[in-house]
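Colleague: For reference, the chains in residue letters:
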Amino acid sequence: MKIEINGTLTEVRADTLDAVLDELGHGDDKVATAVNETFVPVAARRQTALAPGDRVEIVAPRQGG
Amino acid sequence: MQLYGTHIDSRLMLGTAQYPSPTVLAEAFRRSGAGIATVSVRREAGGERAGAAFWDLVRRLDVTLLPNTAGCHSVREAVTTAQMARELFDTSWIKLEVIGHADTLQPDPFGLVEAARILTEDGFKVFPYTTEDVVLADRLIDVGCEVLMPWGAPIGTGLGLTNIYGLRTLRAQFPKVPLVVDAGLGLPSQAAMAMEMGFDAVLLNTAVAKAGDPAAMAQAFARAVEAGRLAHQADPMAPRDMAAPSTPVIGRALLS
Numbered sequence: 001m002k003i004e005i006n007g008t009l010t011e012v013r014a015d016t017l018d019a020v021l022d023e024l025g026h027g028d029d030k031v032a033t034a035v036n037e038t039f040v041p042v043a044a045r046r047q048t049a050l051a052p053g054d055r056v057e058i059v060a061p062r063q064g065g
Numbered sequence: 001m002q003l004y005g006t007h008i009d010s011r012l013m014l015g016t017a018q019y020p021s022p023t024v025l026a027e028a029f030r031r032s033g034a035g036i037a038t039v040s041v042r043r044e045a046g047g048e049r050a051g052a053a054f055w056d057l058v059r060r061l062d063v064t065l066l067p068n069t070a071g072c073h074s075v076r077e078a079v080t081t082a083q084m085a086r087e088l089f090d091t092s093w094i095k096l097e098v099i100g101h102a103d104t105l106q107p108d109p110f111g112l113v114e115a116a117r118i119l120t121e122d123g124f125k126v127f128p129y130t131t132e133d134v135v136l137a138d139r140l141i142d143v144g145c146e147v148l149m150p151w152g153a154p155i156g157t158g159l160g161l162t163n164i165y166g167l168r169t170l171r172a173q174f175p176k177v178p179l180v181v182d183a184g185l186g187l188p189s190q191a192a193m194a195m196e197m198g199f200d201a202v203l204l205n206t207a208v209a210k211a212g213d214p215a216a217m218a219q220a221f222a223r224a225v226e227a228g229r230l231a232h233q234a235d236p237m238a239p240r241d242m243a244a245p246s247t248p249v250i251g252r253a254l255l256s
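Protein chains in written order, with my numbering: chain A, 1 to 65; chain B, 1 to 256.
Treat the hints as calculated values from the structure; they're not laboratory data.
Pulled from the structure, derived: some chain B residues nowhere near chain A, Cβ distances all over 12 angstroms:
no., residue
1, Ile8
2, Gly144
3, Ala172
4, Gly198
Listed next, the in silico EDC-like pairs over lysine to aspartate or glutamate satisfying Cα-Cα at most 16 angstroms (straight line):
no., chain 1, residue 1, chain 2, residue 2
5, A, Lys30, B, Asp90
6, A, Lys30, B, Glu48
7, B, Lys176, B, Glu146
8, A, Lys30, B, Asp56
9, A, Lys30, A, Asp18
10, B, Lys125, B, Glu114
11, B, Lys125, B, Asp142
12, A, Lys30, B, Glu87
13, B, Lys176, B, Asp138
14, A, Lys2, A, Glu23
15, B, Lys125, B, Asp90
16, B, Lys176, B, Asp142
From the three backbone atoms N, C-alpha and C, an ideal C-beta is built for every residue, glycine too.
In isolation and in its complexed conformation, chain A is listed as follows:
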């Protein structure tokens, strides 16, 4: 199915958030996630099912002012 990953429409095989992160190569990266503008904590990724067109944001620590 196609979902939006950080604003880019992307074809993925997995259908849960934790599996999509694995598929995208995040492994055990220090990242935080949101689906359709709602925060999804690490503990909830496995139970978070994704549907075509869902908007997934994956962020990591960065420089800030």
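With the hints as your guide, set chain B onto chain A.
Modeller: Only chain B this time, still in chain A's reference frame:
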């Protein structure tokens, strides 16, 4: 200085963005003596690993981290960003930015109060990036903010304290609330002035990161903040319009 019950030694808070290299960033922090570093969250691609590298760098700085919601223009964006930052940085502290105007990056006062309310109810310790508006300050305190961070000038301008009257009024109206001048400072003298006026701390980034020698500028700001604080505590003299001789008049030899 106590912020949400946590003691912080330094009254200089420093951003981590825009440095020419990680080495320069680390040296600037060392010479600044800053106790708090602001950080952010941004999109990451699989295999990019930029987040891990930055995380390693900031952990070695040995400072308290204050994540921000920089660039957020809506309450929803700011709240979700804060929740992601809390998980990533393992802190409930959040520098809350809800921007309302593209050219000045002026906070949206209505969105700011609403986001501060939601986040405080969710257990966050909110450091709102605000203006010198005393009514807005009151509203932010009403919804649970225990620290306020008024701007000196728009972010990244280096203009210094553009509304002295407004900042002085804010300080006078909220004598017991920790007030941090955040944004717009360009020179150490401007930081010293904020501290002389009784502000509790200053937060800056661009003035150090974009200086020709960021580490030297970081140290200059550290000294200015310390000097300004000491001057405030020393109770400055009142200015007057007419001259008053400092050397005793009595005892002067009459030679004419």
